[in-house]
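Same order as they appear, the protein sequences are chains A and B.
For the first sequence, our numbering gives the first residue as 1, with consecutive numbering after it.
For the second sequence, our numbering gives the first residue as 1, with consecutive numbering after it.
What you were told as hints is all true, and nothing was included just to trick you.
Listed next, the in silico DSS-like pairs over lysine-lysine satisfying Cα-Cα at most 27 Å (straight line):
(1) 139(B) <-> 196(B)
(2) 54(A) <-> 277(B)
(3) 102(A) <-> 131(B)
(4) 196(B) <-> 131(B)
(5) 39(A) <-> 54(A)
(6) 68(A) <-> 39(A)
(7) 196(B) <-> 120(B)
(8) 68(A) <-> 54(A)
(9) 276(B) <-> 54(A)
(10) 102(A) <-> 139(B)
Everything labelled a hint here was simulated from the structure, so no lab data went into it.
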Amino acid sequence: MRKILQDDDLEYAMGNLLRLGVIISSAIVAIGGIIYLYKHGMHLPEYATFIGNKSMFNSVSKIITGLKEWKGQAIIQLGILVLIFTPIARITFSFIGFLIEKDLLYMLLTLIVLAIITFSLLAGTNIV
Amino acid sequence: MTILTFTLLIFLGALLAGFLGSLTGLGGGFVIIPMLTLLFGVDIRYAIGASLVAVIATSSGAAAAYVKEGITNIRLGMFLEIATTTGAVLGAYIAVYTPVNTIAIIFGCILIFSAYISLKKTSETIQQTDKSRLARTFKLNGTYPTPEGEIAYTVTNVVGGFFTMAGAGLLSGLLGVGSGALKVLAMDNIMRIPFKVSTTTSNFMIGVTAAASAGIYLYRGYIDPGLCLPVTLGVLGGALLGSRFLTNAKTSKLRNIFAFVIIAIALEMLYNGFTKKF
Numbered sequence: 001m002r003k004i005l006q007d008d009d010l011e012y013a014m015g016n017l018l019r020l021g022v023i024i025s026s027a028i029v030a031i032g033g034i035i036y037l038y039k040h041g042m043h044l045p046e047y048a049t050f051i052g053n054k055s056m057f058n059s060v061s062k063i064i065t066g067l068k069e070w071k072g073q074a075i076i077q078l079g080i081l082v083l084i085f086t087p088i089a090r091i092t093f094s095f096i097g098f099l100i101e102k103d104l105l106y107m108l109l110t111l112i113v114l115a116i117i118t119f120s121l122l123a124g125t126n127i128v
Numbered sequence: 001m002t003i004l005t006f007t008l009l010i011f012l013g014a015l016l017a018g019f020l021g022s023l024t025g026l027g028g029g030f031v032i033i034p035m036l037t038l039l040f041g042v043d044i045r046y047a048i049g050a051s052l053v054a055v056i057a058t059s060s061g062a063a064a065a066y067v068k069e070g071i072t073n074i075r076l077g078m079f080l081e082i083a084t085t086t087g088a089v090l091g092a093y094i095a096v097y098t099p100v101n102t103i104a105i106i107f108g109c110i111l112i113f114s115a116y117i118s119l120k121k122t123s124e125t126i127q128q129t130d131k132s133r134l135a136r137t138f139k140l141n142g143t144y145p146t147p148e149g150e151i152a153y154t155v156t157n158v159v160g161g162f163f164t165m166a167g168a169g170l171l172s173g174l175l176g177v178g179s180g181a182l183k184v185l186a187m188d189n190i191m192r193i194p195f196k197v198s199t200t201t202s203n204f205m206i207g208v209t210a211a212a213s214a215g216i217y218l219y220r221g222y223i224d225p226g227l228c229l230p231v232t233l234g235v236l237g238g239a240l241l242g243s244r245f246l247t248n249a250k251t252s253k254l255r256n257i258f259a260f261v262i263i264a265i266a267l268e269m270l271y272n273g274f275t276k277k278f
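Isolated chain B, as found in the complex (with noise of 0.2 Å):
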């Protein structure tokens, strides 16, 4: 196979990965270190680093059209953003001394766990009483558009939440990967946000967390021109195709299909992760 055949290949698989990363809200990050390590043989260090510049692109690219809406909280992106980039350079430092297959095995359970959040019915109850001290002095709690008018929300364990999203930057640094899902996780469950401000916020937050470690891999030579055109080109031009094609309804059942996927490509990862494939 000529590089320009390679390339070609994997700019396909990009653009669907960034399609179909769009359209169930997953990212295209997810497939693409599986595709380039089971698929196309490409050393899991060269993957990660592709990922990762990709996974600033598609960040950036939907920030902008979410920055618009005014959902997206600011101040509460800001104070987080301070745990996740000090878990994204400590993540990026640990991943030089981790063994690759460790690296493998580490990505298959946080794909599983995020297939698992994204299929899991989310309930929620937006909550109003105005409790933490740390929220108040940081001004954390905001409101948010909806059709009936602006919703006031306010924020709670803003402890937990700090430090659970320290935990997702470090999974960023360490494996190239967004991991939107426990940054969502972090927002949704533990500090009590509501679900469209901690999508936006946690997309906002993603490209600067994978920023942060960028530095440290470039110079590391995990980020390979040659991976990169094909990567990023596609997966920011199937984010652009998805973001046209989204339409409310079938995206549940697509989501639910790319779950399963992500699950099946998670165990491949854990199958070859242990019997040390990489």
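With the rest of the complex left out, here is chain A (with noise of 0.2 Å):
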């Protein structure tokens, strides 16, 4: 019975999602790049002083309005996102695995794993 998830092509499925995740991510992240060092490549850094929240891309909305001026920055936050997003779509598969498995303790494991990362997701919205 534990067989199934430790050699099938579940795995193989799953390997491939996290590699497709990093290379979608990672291109994405190479676009926003070029078109903000075009850009801002002249400017002069800063990062000695912390402004957290007063940052200008640091929730989904503010991301989205970037991505509609097509802000580099903005752009390069949203292949973050992908990224944040790619192991998080890997234990949903997981629980597809578990699903069919009819693995009823594992699922509540997984489901639990993801409520803890969603809570962790939307918690940051309040703060803002």
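Can you join these two chains into the complex? Each is in its own frame, and there are hints to help.
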């Protein structure tokens, strides 16, 4: 019974999913990076002082606004969002695997992990 | 220094960090935070954010290769992820109320600890007696492939391992690192899992653990696009290069050198933390 998740094609698919997520996000980050460096490459970097949540691209809505204006930083942040969602997609994928195996215990454990991560993603929004 | 030069220099540094991190198995994230803070004068909070993103990238990239080999114990990983993600969310909350110099000091200590773990000679005895009732209930025992065929192993001290993992998650959320050393320690020394299984399963969990605190960090403005650009692409590129060069011949020597470099960096972090230079 426990063999299924260990040797099956599901493992393969899971590995490919992770790789795909990394490739897509790096490509988005690289495109955003070129635009950002083209527009701001000659400015001076300012990272010595931390401005916290006054920063320009620290929420999904701010990122979307930036994307509409083709801001390089917003595109980079979109790539990072894709990257953050890659392991989350993997967990969702595991859930499907446990569902196929009819392993109720692990379906429950997977949902708990998903709930904790969702909590983190949503809890952040109230702080802004 | 313009943004263009700044970005290129950090990219090269991250490339080297990713390369060495993948060759030695210590992970590139370790060098990123000291490099950004000590060399480039970046606020440690931005450095933590960039490091966390790089950790997710390298973990996901490497996991793709590991998962296919069938060594990763997915049930064990999922079970322990409950501990690591809870710890990570807590860590990210605590981070805001922790003075930056204290964070630098804790970071220095973790660096020394990780270097020590990587230098320590590990001897392993694979445990095969099925003693733990919890391990049976949660189906944590497994097998892994070797040249001589599948080897079965059992897991002990599930509760101890679970709580150490929560601690590893807490540090990951607090410092923006993968805290792989602590995860491997929990699995090797406490739960008695074979080394090969623990390293790959640890890597499998690192990305998820980091993703759990990434949301909180993003909203707090720790994750800056201009900094994540060279760090993420550099570390990822370096790790890719490293995995191409991965030959067993010289890695132990390299690992020793890298461990001492890390200890030197750790002392610098500790010194700056205690003299409140952050």
